[in-house]
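Trainee: Residue strings, one per chain:
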Amino acid sequence: QKEVEQNSGPLSVPEGAIASLNCTYSDRGSQSFFWYRQYSGKSPELIMFIYSNGDKEDGRFTAQLNKASQYVSLLIRDSQPSDSATYLCAVKVYSGGGADGLTFGKGTHLIIQP
Amino acid sequence: EAQVTQNPRYLITVTGKKLTVTCSQNMNHEYMSWYRQDPGLGLRQIYYSMNVEVTDKGDVPEGYKVSRKEKRNFPLILESPSPNQTSLYFCASSGYAGNTIYFGEGSWLTVV
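In order, the protein sequences belong to chains A and B.
So the first sequence is residues 1 to 114, counted in my numbering.
So the second sequence is residues 1001 to 1112, counted in my numbering.
FYI, nobody ran anything at the bench for these hints, they're computed from the structure.
If you're wondering where the values come from, they're calculated on a predicted model, not measured in any experiment.
Incorrect hints may appear among the rest.
[What the hints assert, rightly or not] Ranges between beta-carbon positions, derived for each pair:
| no. | chain 1 | residue 1 | chain 2 | residue 2 | range |
| --- | --- | --- | --- | --- | --- |
| 1 | A | 77 | B | 1040 | 28 to 34 Å |
| 2 | B | 1039 | A | 15 | 23 to 29 Å |
| 3 | A | 15 | B | 1005 | 34 to 40 Å |
| 4 | A | 77 | B | 1100 | 20 to 26 Å |
| 5 | B | 1083 | A | 56 | 38 to 44 Å |
[What the hints assert, rightly or not] According to the in silico footprint, chain A covers these stretches of chain B (three or more CB under 8 Å from chain A):
| no. | segment |
| --- | --- |
| 6 | 1038-1050 |
| 7 | 1100-1107 |
[Claimed, not checked] Subject to a maximum C-alpha distance of 25 Å in a straight line, what follows is the list of computed BS3-like cross-link-like pairs (lysine-lysine):
| no. | chain 1 | residue 1 | chain 2 | residue 2 |
| --- | --- | --- | --- | --- |
| 8 | B | 1017 | B | 1057 |
| 9 | B | 1057 | A | 2 |
| 10 | B | 1017 | B | 1065 |
| 11 | B | 1069 | B | 1057 |
| 12 | B | 1018 | B | 1069 |
| 13 | A | 2 | B | 1065 |
Ideal Cβ placement from N, Cα and C applies to all residues, glycine included.
Given these sequences and hints, build the entire structure.
Mentor: See the structure below:
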C-alpha cells in the first residue's frame, strides 16, 4: 500500500517569508514526485515535479528530494497572500507497461499572513 | 487549448439512479484517471486507463465502473449511487511520460 504523508496544517507564514512544506512516502519504488497547489473547490494545478535527488528550482519554488530518507519538500520564497492554498504532494510508481497514476497526500493548508 | 472537460459539473441525484460523469480530453493522451476528493481523506484514485480498452482499479473502485472505448473519452459510471459516493470528482489525463497531468475542473456530486 503506497502512502504519502503530509502535515495537514494549517501552516501560517508571514508575507515575504519562506514557506516550507514537507512530505514523506512509503514506497521505495516511487520514481516521480509532484507538488500541486489547490485552491478551495478548484482542480489541482501542477507547480513542479522532481525525479532526482537534490534541489530543483523554478522561480520562487524549490523542490527538494531525498530518496534515501523518502522525503520530498517544497520551499516557497517571498511568500505572497496568493500562495495561500492547499499543497498536495504526489508520487508515481512506474510498473509493467507504464505509470499507474498518482498517489496523493492529504495536503497541507498554507496561510500567508499579510 | 489543452483541456480536460467533465460533465456535469454539479449534480444532485437520488440513491439508486444510475448516472454517468463524462470526461473528454483533447490532447491525445494515453493515460486517463478518475479521482474522488473528500474532506480529511484527500484525493483518491478510483480507476485509471493506460490506453483504449485498458483499464485498472485504483484505490477505491467499489461502486464505480469505467470504460475506454475511445482514446479521448473516459466516462465514470455509478450504476447504483449511494450517499457515500457524495464527493468531488476529478478526471485527469497525461501523456505516456506522465510528467504533466491535466485535471478537469471537477464534478460535484450529491447523492440523497
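Trainee: Which earlier hints turn out false for this structure, listed by number in ascending order?
Mentor: none
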